[in-house]
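Top to bottom, those sequences are chains A and B.
Heads up, the first sequence is in the UniProt record's numbering, so the first residue is 1 and it goes up one at a time.
Heads up, the second sequence is in the UniProt record's numbering, so the first residue is 1 and it goes up one at a time.
FYI, nobody ran anything at the bench for these hints, they're computed from the structure.
Be aware that one or more of the hints could be misleading.
Label-pair ranges, simulated between beta-carbon atoms [to be verified]:
id : chain 1 : residue 1 : chain 2 : residue 2 : range
1  : A       : R256      : B       : D207      : 44 to 52 angstroms
2  : A       : A203      : B       : A11       : 46 to 54 angstroms
3  : A       : P212      : B       : A108      : 39 to 47 angstroms
4  : A       : T299      : B       : D269      : 14 to 22 angstroms
5  : B       : A108      : A       : D191      : 28 to 36 angstroms
6  : B       : R214      : A       : G102      : 22 to 30 angstroms
7  : A       : V8        : B       : A11       : 43 to 51 angstroms
Think of the CB as a built atom: it goes at the ideal place given N, C-alpha and C, for glycine as much as any other residue.
Number of protein chains: 2
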Amino acid sequence: MSFDARAVLDARARTSPPEDPEVAAERRQAASGWFRELRDRLCAAFEAIEDDYAGPMNPDLAPGRFERTAWERPGGGGGEMSVMRGRVFEKVGVNISVVHGGFSPEFAKQIPGADRDPAPGGADGAGAQFWAAGVSLVAHMWSPHVPAAHMNTRHIRTTLGWFGGGGDLTPITPHAPDTARFHGAFKAACDAHDADYYPRFKAWCDDYFFLPHRGETRGVGGIFYDYLDSGDWARDFAFTRDVGLAFLDAYPAIIRAHMNRSWTEAERDYQLIRRGRYAEFNLLYDRGTQFGLKTGGNTEAILMSMPPHAKWP
Amino acid sequence: MSFDARAVLDARARTSPPEDPEVAAERRQAASGWFRELRDRLCAAFEAIEDDYAGPMNPDLAPGRFERTAWERPGGGGGEMSVMRGRVFEKVGVNISVVHGGFSPEFAKQIPGADRDPAPGGADGAGAQFWAAGVSLVAHMWSPHVPAAHMNTRHIRTTLGWFGGGGDLTPITPHAPDTARFHGAFKAACDAHDADYYPRFKAWCDDYFFLPHRGETRGVGGIFYDYLDSGDWARDFAFTRDVGLAFLDAYPAIIRAHMNRSWTEAERDYQLIRRGRYAEFNLLYDRGTQFGLKTGGNTEAILMSMPPHAKWP
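Required output: the full structure, derived from the provided sequences and hints.
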């Protein structure tokens with residue numbers, strides 16, 4: 001699945017004309033502006049959940065609020081982490097970043113379009129071999145009845161430009177109506193753009209979030225896509241916005257459906273064991289985590305995805 | 001450091017005559033017998049600690065006892081896990097294994113002597129490309145004042161045969177007398193065999209147990225060695241036995257020095273955060289873990305090393 005998309009993009013590297021610099025600058029601006037707006041809307045939705053919580057657990061905790069920390073990338077650009085530790089969200093991170101810079105010649109060979117002139121520079125990344133912006137979210141919840149979730153969308157530009165992202169849901173014990181709601185939102189977003197997207201991107205997600213050593217998937221899936229360049233930038237950007245909005249529609253509703261239920265110590269304990277699997281996936285298999293940590297990325301921002309508390313009893 | 005030892009072993013592959021089959025069988029027997037004996041002595045020492053504990057914490061827990069589980073390797077051989085969850089040891093695993101089988105041709109190229117005839121077979125591994133036996137131990141303690149520890153020794157045979165292993169100490173807060181005792185025991189074991197061993201194997205350990213993304217070592221080190229074949233099998237086996245005995249001498253004494261002290265919730269919390277680093281090392285960098293999980297090893301036995309409880313707050 002992933003190979004097809006990558007092959008299409010590689011083929012484009014040989015045929016597509018260089019982008020007009022003004023158009024390129026507008027696109028960078030539009031994409032990074034959207035990721036920031038989506039971040040703000042997600043944080044607002046999650047803070048409203050903290051306010052509206054009316055369950056019996058965590059009686060001593062106040063409604064959570066996000067704390068923001070900006071960071072700079074030594075090679076160019078930077079980002080902003082937003083982290084909340086509340087009474088519904090045990091730990092949730094919503095990170096945005098806009099980075100640019102160079103690859104080593106060897107690494108550039110692995111990145112579509114990165115070994116071809118001209119560079120995608122401009123005022124915010126002049127002469128850079130790549131420019132990348134995105135929003136990334138991981139939520140770990142206090143309640144074993146509320147699924148954990150992950151969402152990420154990104155736009156990457158070398159001499160080519162493409163979108164990627166997706167979202168997946170990790171319930172402690174799968175609950176069919178939640179799974180249906182989550183997949184339904186992504187299916188609707190996909191179908192509005194291309195009838196092939198949902199089946200392809202759902203299968204890609206199932207394939208990606210799999211732990212071979214456990215013989216299990218990380219959760220109940222969602223969608224995953226990468227190297228998306230249909231040839232129509234505006235269309236791909238609109239799809240990527242819709243993926244973010246689908247998540248914003250589905251996940252807060254799933255949280256609200258369960259957040260006021262109490263839980264037992266045994267249910268919580270089982271949640272912590274399942275979170276061990278989540279940690280295993282992130283450290284053993286997740287490409288973003290491995291790539292980020294091994295290329296000098298911001299360790300705190302990358303490991304924001306780790307569960308606040310996990311067990312391997 | 002590791003490259004030197006590997007190069008010596010690779011050179012030997014071109015010059016050493018085939019081993020007499022009776023001698024080979026005796027050596028397999030002697031090595032696997034020793035690993036089993038060391039396992040029994042370590043388990044007895046740890047159970048005695050559980051009996052002798054007289055501290056104020058964990059008042060409701062009974063002295064722990066090891067539980068044994070045998071497993072078979074589909075490709076040949078198997079092992080025995082011994083796990084104890086007690087009142088001093090939160091989780092300790094002592095695993096032994098004796099396995100044999102074949103490598104894929106591609107993988108065999110990475111293993112000294114594995115792509116050369118004849119195979120190291122015999123009654124317990126006829127026609128196999130490799131035979132390997134070892135003992136492996138990881139201890140995670142309830143008390144933040146008692147260091148975690150890891151020890152492993154192994155003997156691997158292809159058309160060549162070599163020893164490897166080591167031990168390292170991971171205190172939550174380093175304590176100089178413990179560090180001195182642990183390193184002192186290994187230094188004495190090393191110095192009795194070769195004056196070069198301790199400085200080489202200590203440096204190799206520091207190099208191996210390092211987390212680049214954190215810029216920190218996993219703990220206060222110890223020794224690490226691999227591909228050890230001096231040309232005198234009996235000498236290398238005696239050294240490997242002494243490494244095990246040094247650990248058996250030092251680690252229980254370090255536990256006993258601190259086990260009866262109480263601790264605060266803040267100290268325990270910090271311990272759980274440090275254990276997150278331990279989990280990061282094992283899943284991101286440990287060669288044995290990565291190799292085992294990605295080649296269909298016994299997941300439960302491999303992940304016995306994971307901390308029972310960890311935090312990424």
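Evaluated hints:
1. A/R256 / B/D207: 44 to 52 angstroms: holds, 51 angstroms
2. A/A203 / B/A11: 46 to 54 angstroms: Holds - the Cβ-Cβ distance for A/A203 and B/A11, about 49 angstroms, lies within 46 to 54 angstroms.
3. A/P212 / B/A108: 39 to 47 angstroms: violated, 22 angstroms
4. A/T299 / B/D269: 14 to 22 angstroms: Holds, since A/T299 and B/D269 (Cβ atoms, about 20 angstroms apart) stay within the stated range.
5. B/A108 / A/D191: 28 to 36 angstroms: Taking Cβ atoms as reference, B/A108 and A/D191 lie about 50 angstroms apart, which means the hint is violated.
6. B/R214 / A/G102: 22 to 30 angstroms: holds, 25 angstroms
7. A/V8 / B/A11: 43 to 51 angstroms: holds, 49 angstroms
Checked against the numbered hints above, the structure violates hints 3 and 5; every other hint is satisfied.
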